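**Q** Let's have the full structure, built from the sequences with the hints guiding it.
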Amino acid sequence: MSEVFREIDLEWDGETYTIVPSMALLKRIKAKGINGLQLANACIQGGADPVDMAVVHAIFMKEAGVIVAEDESYGFITSGTDQMIDFQMAFVAAVLPSIDLGKKPVARSPKPRKAKAKRARAT
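With our numbering as the guide, the letters of the sequence shown map in order to residues 17 to 139.
Accuracy of the hints is not assured; some may be wrong.
[What the hints assert, rightly or not] Calculated pairs, DSSO-like style, for lysine-lysine (alpha carbon to alpha carbon, straight line, at most 30 angstroms):
no., residue 1, residue 2
1, K46, K78
2, K43, K78
3, K48, K78
[Unchecked claim] Taking CB as the label site, the calculated pair distances span:
no., residue 1, residue 2, range
4, E19, T94, 33 to 43 angstroms
5, G62, E19, 30 to 40 angstroms
6, T97, D65, 11 to 21 angstroms
7, M105, N51, 15 to 25 angstroms
8, S95, E19, 30 to 40 angstroms
9, G81, K48, 15 to 25 angstroms
10, P66, E19, 28 to 38 angstroms
Rather than coming from a laboratory, the hints here were simulated on the basis of the structure.
All figures in this text were calculated on a predicted structure; none of them were measured in a lab.
We put the beta carbon where it would ideally sit given N, CA and C, even for glycine.
**A** Have a look at this one:
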């Protein structure tokens with residue numbers, strides 16, 4: 017197992033597949049003319065190109081051992097389902113493995129502030 021990349025789960029057709037991203041996988045995406053870092057950034061900020069995401073989805077599914085046509089991947093990417101959002105976050109985790117997309121830590125409750133003593137006015 018890679019010390020850099022973490023396992024990611026991909027859902028497709030009611031099944032869950034697990035892959036470990038690799039440099040070879042990211043190079044296959046780059047070979048298609050897709051800048052993985054820019055696409056991951058677009059996934060985070062919104063506005064990811066659905067055509068690029070469909071190509072990436074097909075490549076990821078092939079890595080998982082499932083052959084998916086790019087047209088099927090495009091339909092999946094444009095579906096707006098929770099699984100599609102999960103896939104985008106899995107892609108971000110593959111491209112930027114240092115970003116932990118797990119559960120956010122529980123927010124600390126704010127510390128109570130001490131009331132300031134009022135000064136008496138001299139008259």
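**Q** Between P66 and E19, does the C-beta distance stay in 28 to 38 angstroms?
**A** holds, 33 angstroms
**Q** Decide if the proposed pair is consistent with the structure: K46 and K78, CA atoms, cutoff 30 angstroms inclusive.
**A** holds, 16 angstroms
**Q** Confirm or reject the claim that G62 and E19 have a C-beta distance inside 30 to 40 angstroms.
**A** holds, 32 angstroms
**Q** The hint says 11 to 21 angstroms between T97 and D65; measuring C-beta to C-beta, is that right?
**A** Given range 11 to 21 angstroms: holds, Cβ gap about 18 angstroms.
**Q** CB of S95 to CB of E19, is that within 30 to 40 angstroms?
**A** holds, 34 angstroms
**Q** With respect to the beta-carbon atoms only, verify the hint that M105 and N51 lie 15 to 25 angstroms apart.
**A** For N51 against M105, whose Cβ atoms are near 18 angstroms apart, the range 15 to 25 angstroms holds.
**Q** Just to be sure I understand the hint, the distance between the Cβ atoms of E19 and T94 should be within 33 to 43 angstroms; is that true here?
**A** Between E19 and T94, where Cβ atoms are some 35 angstroms apart, the hint holds.
**Q** Does K78 sit within 30 angstroms of K43, going by the straight-line distance between their CA atoms?
**A** Satisfied, since the Cα-Cα distance of roughly 14 angstroms is no more than 30 angstroms.
**Q** Evaluate the given range 15 to 25 angstroms for the C-beta pair formed by G81 and K48.
**A** holds, 19 angstroms
**Q** What's the verdict on K48 and K78, does the C-alpha distance respect the 30 angstroms limit or exceed it?
**A** holds, 14 angstroms
Figure legend: structure checked against the earlier numbered hints; every hint is met.
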